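Chain by chain, the residues:
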Amino acid sequence: MINRISFLLVAFLTLLFASAALAGSSVELQLKDGSKWRGQTGTTIQVTFMQQGVEVTMEGKLTKVASLFIQVDGFLAGKRVKKTIFKSDIVSIKTIDDGGLTESDDEPDTPASRGPSRDSDDEQASKTDDDSPGVFLLPLEGTVGTYLRHEEIEEIGKHADKFGPGQIIVLKISSDGGLVSEAEQINETIFDLRKRHRVVAWIHKALSAGCTTAMCCEEIYFMTHGVAGSVTTIMGSSAIQGEEQELYIQSMVDLADRAGYSEHIARSMKASRYLCSYDKDPETGEVTFYGDLSGEFILSDEHSNLCFNSSNALHCGFSDGIADTEEELAKLLQLPKWREIDGYGQKIHDDWTKLVERCEDEVPKILARLSYKNASGSAQQRIGTTISLYKDLIKWHDRCPWPCRLMGVPEPEDLERLIEELRKQLADMRRGGG
Amino acid sequence: MLTRIRILWSLAFIAVVVLGLSNSLIVAGDDDTQATEDILYMIDGRILHGQIISEEDGIVVFEFIDRNINIKTTLKIRKNEIERIDNDVPLEDASASDEEEDEDVPDVTLKSRQDDLDDEAKKSRFGLRRFESDNENATRFYIIPMSGQMGTDVNPEIYQKMEDDIRAADPDYIIIEMDCQDVGSSPLEFLPEAQEENKDERGLYAINEYREIASFFHTDLEDIPQVMWIQDSFGFSSMVALSWENMYFKPEARLAGLGQLNSMFESFGDEDIQGKMREAHMALIRGFLEHGNYSPVLADAMCRPEFALSGTWKGRQVDWSLNNRGEYIVDNSDEHTTSFTAKTAENLCLSKGTADSVEDLVLLMGVREYTIVGEKGEQIFNKYSEDWRRSYERCLDYWNEYGKFSNWASGGDALKYLGQAKKQLERILAAMNRYKAVEIRFNMQGLSKFGLEIMIEQLKEQIRALRQGQRGGGGGGGRPPGGTGSGGG
Numbered sequence: 182m183i184n185r186i187s188f189l190l191v192a193f194l195t196l197l198f199a200s201a202a203l204a205g206s207s208v209e210l211q212l213k214d215g216s217k218w219r220g221q222t223g224t225t226i227q228v229t230f231m232q233q234g235v236e237v238t239m240e241g242k243l244t245k246v247a248s249l250f251i252q253v254d255g256f257l258a259g260k261r262v263k264k265t266i267f268k269s270d271i272v273s274i275k276t277i278d279d280g281g282l283t284e285s286d287d288e289p290d291t292p293a294s295r296g297p298s299r300d301s302d303d304e305q306a307s308k309t310d311d312d313s314p315g316v317f318l319l320p321l322e323g324t325v326g327t328y329l330r331h332e333e334i335e336e337i338g339k340h341a342d343k344f345g346p347g348q349i350i351v352l353k354i355s356s357d358g359g360l361v362s363e364a365e366q367i368n369e370t371i372f373d374l375r376k377r378h379r380v381v382a383w384i385h386k387a388l389s390a391g392c393t394t395a396m397c398c399e400e401i402y403f404m405t406h407g408v409a410g411s412v413t414t415i416m417g418s419s420a421i422q423g424e425e426q427e428l429y430i431q432s433m434v435d436l437a438d439r440a441g442y443s444e445h446i447a448r449s450m451k452a453s454r455y456l457c458s459y460d461k462d463p464e465t466g467e468v469t470f471y472g473d474l475s476g477e478f479i480l481s482d483e484h485s486n487l488c489f490n491s492s493n494a495l496h497c498g499f500s501d502g503i504a505d506t507e508e509e510l511a512k513l514l515q516l517p518k519w520r521e522i523d524g525y526g527q528k529i530h531d532d533w534t535k536l537v538e539r540c541e542d543e544v545p546k547i548l549a550r551l552s553y554k555n556a557s558g559s560a561q562q563r564i565g566t567t568i569s570l571y572k573d574l575i576k577w578h579d580r581c582p583w584p585c586r587l588m589g590v591p592e593p594e595d596l597e598r599l600i601e602e603l604r605k606q607l608a609d610m611r612r613g614g615g
Numbered sequence: 381m382l383t384r385i386r387i388l389w390s391l392a393f394i395a396v397v398v399l400g401l402s403n404s405l406i407v408a409g410d411d412d413t414q415a416t417e418d419i420l421y422m423i424d425g426r427i428l429h430g431q432i433i434s435e436e437d438g439i440v441v442f443e444f445i446d447r448n449i450n451i452k453t454t455l456k457i458r459k460n461e462i463e464r465i466d467n468d469v470p471l472e473d474a475s476a477s478d479e480e481e482d483e484d485v486p487d488v489t490l491k492s493r494q495d496d497l498d499d500e501a502k503k504s505r506f507g508l509r510r511f512e513s514d515n516e517n518a519t520r521f522y523i524i525p526m527s528g529q530m531g532t533d534v535n536p537e538i539y540q541k542m543e544d545d546i547r548a549a550d551p552d553y554i555i556i557e558m559d560c561q562d563v564g565s566s567p568l569e570f571l572p573e574a575q576e577e578n579k580d581e582r583g584l585y586a587i588n589e590y591r592e593i594a595s596f597f598h599t600d601l602e603d604i605p606q607v608m609w610i611q612d613s614f615g616f617s618s619m620v621a622l623s624w625e626n627m628y629f630k631p632e633a634r635l636a637g638l639g640q641l642n643s644m645f646e647s648f649g650d651e652d653i654q655g656k657m658r659e660a661h662m663a664l665i666r667g668f669l670e671h672g673n674y675s676p677v678l679a680d681a682m683c684r685p686e687f688a689l690s691g692t693w694k695g696r697q698v699d700w701s702l703n704n705r706g707e708y709i710v711d712n713s714d715e716h717t718t719s720f721t722a723k724t725a726e727n728l729c730l731s732k733g734t735a736d737s738v739e740d741l742v743l744l745m746g747v748r749e750y751t752i753v754g755e756k757g758e759q760i761f762n763k764y765s766e767d768w769r770r771s772y773e774r775c776l777d778y779w780n781e782y783g784k785f786s787n788w789a790s791g792g793d794a795l796k797y798l799g800q801a802k803k804q805l806e807r808i809l810a811a812m813n814r815y816k817a818v819e820i821r822f823n824m825q826g827l828s829k830f831g832l833e834i835m836i837e838q839l840k841e842q843i844r845a846l847r848q849g850q851r852g853g854g855g856g857g858g859r860p861p862g863g864t865g866s867g868g869g
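Residue numbers (this note's numbering), protein chains in the order written: chain X, 182 to 615; chain B, 381 to 869.
Hints were generated in silico from the structure; no laboratory data involved. All values derive from a computational prediction rather than experimental measurement. Among these hints, one or two may not hold up.
As the list claims (entries may be wrong) - Pairs of lysine-lysine, PhoX-like flavour, derived with a Cα cap of 20 angstroms:
| id | chain 1 | residue 1 | chain 2 | residue 2 |
| --- | --- | --- | --- | --- |
| 1 | X | K242 | X | K275 |
| 2 | B | K829 | X | K535 |
| 3 | B | K840 | X | K546 |
| 4 | B | K840 | X | K554 |
Bound conformation, chain X alone (with noise of 0.2 angstroms):
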């Protein structure tokens, strides 16, 4: 009988708890040990719940209240997230601050008692529109030395600098690697922009000269599937060996403690041979690396370079913190709110990304060109259709000289000469009549 009205009691509050949650006012959970609790959606809450059988508290802001499940956005294990939680694995609430409403507050949800918290939300949204630090976003992507280049890097420095010192200047970085001399440019770029500005990059994919682009930058972030790492410079089909490869070792090894990383973090990433672990005080959160595998927690063997991701990037301090989106990124970056002070890092991310995407389509066209293009006409068609052609790719090369460099396109000099030769060549037959 006591189980019955305990069940009817459960409906009851089931039914009171559904209906508050359609009205979008206050809600009402029934916890597992009888207890309730009361709050409404945008609140605070701490909540603590089963995952995988083992007790996980979270902080975070309560956005959504279903039949089933609830939903927190806050930090988990020091990453922002939207949780689901399922309400069966819920074992306790606590609101933390609910906008201006006690925990006892039990007052039906009222316009009246909705009103001034709501007005002072949006007093403070007006105020952050106006007032609220934003950032400067620059999509770094694609292979270094074509695609991301330091040019991009210096001029939203040079367009931050118009807003005054201090700027938060986000690289977002997609990388898998590319040209170390270009790598180096662009390693001394940021080094000279956080001088004046606050540079973080913000990690999708930061491969080999992609992370010693990170690496150079304040602060790292990754995204939940980000990676970084895996260092080693290839000359041609094998790794450099010997006194070069020391060289870079010793480079790179220069280049984490300018960054303040480990130097064991550093050469790992470069050789297989070097190995990284680490310990870390469980109290103070204290990081220790070593260069062997006496550690708690091993990052690279004898068989790999070090590669991060974002859970041991961020449990030993390589990172800051994870973000998916660019909200949960302001946050992190201790902002109110994400808000981009202008578009101009896209807008030169757009344009000279669109200019190498047609110069790899068009110049190998160009270069397939030369084998028949006006294959058919006279000696003298073809060599002035071969000038014209030559031409167009020291345009190219002018424009885009990585990229042409690495599908194989002469120097302009080179082509120059070339073109001289063909003229003269040209001259001679119309001196011969021909």
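Chain X is already provided as a structure; the job is to place chain B on it using the hints.
Chain B in isolation, oriented as in the chain X frame:
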């Protein structure tokens, strides 16, 4: 092997001791004159009839009576496994309610019987109700297929196209139905002839596209709870599946087939390059597991045969290690990679449960009344898959036609047939522009979009030259360069 058997026996024994310590089988005698009974409605859908003996410390001691075989069993059941209890139900009513409930409430223990029932019969026997129309009270599910060839059928654009429909449908949950198998998923398919025949259907290692898919579901659709329901996953699909924290399996499903990556890793030049490239790729693959909150060592065990895999239970969580020193050895071989079946995945907490049908699945999720919304998603997916495949088949015909016209392009008809040959290539190019999958398929055959554009340009050049020649009174034929048009793509 012996160790594994011992461990399995120990686990089985422990399970028996823990769950059934006080179980005793008693034949219900004819003297059973109880006028009422208690009914337990379990979260997993079972209904247990019998008598509650005691309730304490979150445990219900229950004397279960199976009236079909007239057996009594004492069970200890955790309260959190019980959805509700009906006490003191008169026995006559109970049997009546039995019949009623048999129509209404699921009995997930009767799998073999379920298999024999058609959908209608299932509906009548299962307790959950599927509403055909929008019902405000029913939980709304949106089903998204992820099937066919990874890289062509399964691509980011197709899911991005569904977003509007998903938003309009406003589901409570998204179910992603994974059903992808690479060649080699059954012993017969390992035969060279079968591999040759099916090579076009092998999954593609399009990891950036798969990352985009994961990102779309976990970022763009983050606000909608999602579950991955694996019908079968053998190949690159397995890494994608692992980006969902809530995974359910079909009884015959596998999560396997990532060992093929190892041959790619071994092809990467010297030791340092291997170390660099392998770790970069492994990090990318582990990225999927980061989304799903799985241990990254699972990726190593599933991709690299040299690693063993064992697990040690810590509460209900498994602490994985890449060796055979854990309590439960999953893979002790250095010759093949780790794979999971529905059973092992569930036993090792990778899977939340095994479900044979959508009905089973929603029940496992604790849903009683549901409706499927926005079936356009399935239509969008299937239509794309059918359309590009049809288009590709037509393109193979165009390619044959191109070969034929090229061969005919000589003498006085050269101009006419060169024009027709060019037209066939332009049709293929148009199909490539329309369907990325068509471009990928032709790439696999060695014909790139760039190559096709050059071939078209060369034909134009020839046509132009012929026209000039005709205007100048000359003639002459010529065959287009680049391809004899032997067909087959």
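For each hint, the structure was consulted:
1. X:K242 <-> X:K275: 12 angstroms, holds
2. B:K829 <-> X:K535: 19 angstroms, holds
3. B:K840 <-> X:K546: 14 angstroms, holds
4. B:K840 <-> X:K554: 10 angstroms, holds
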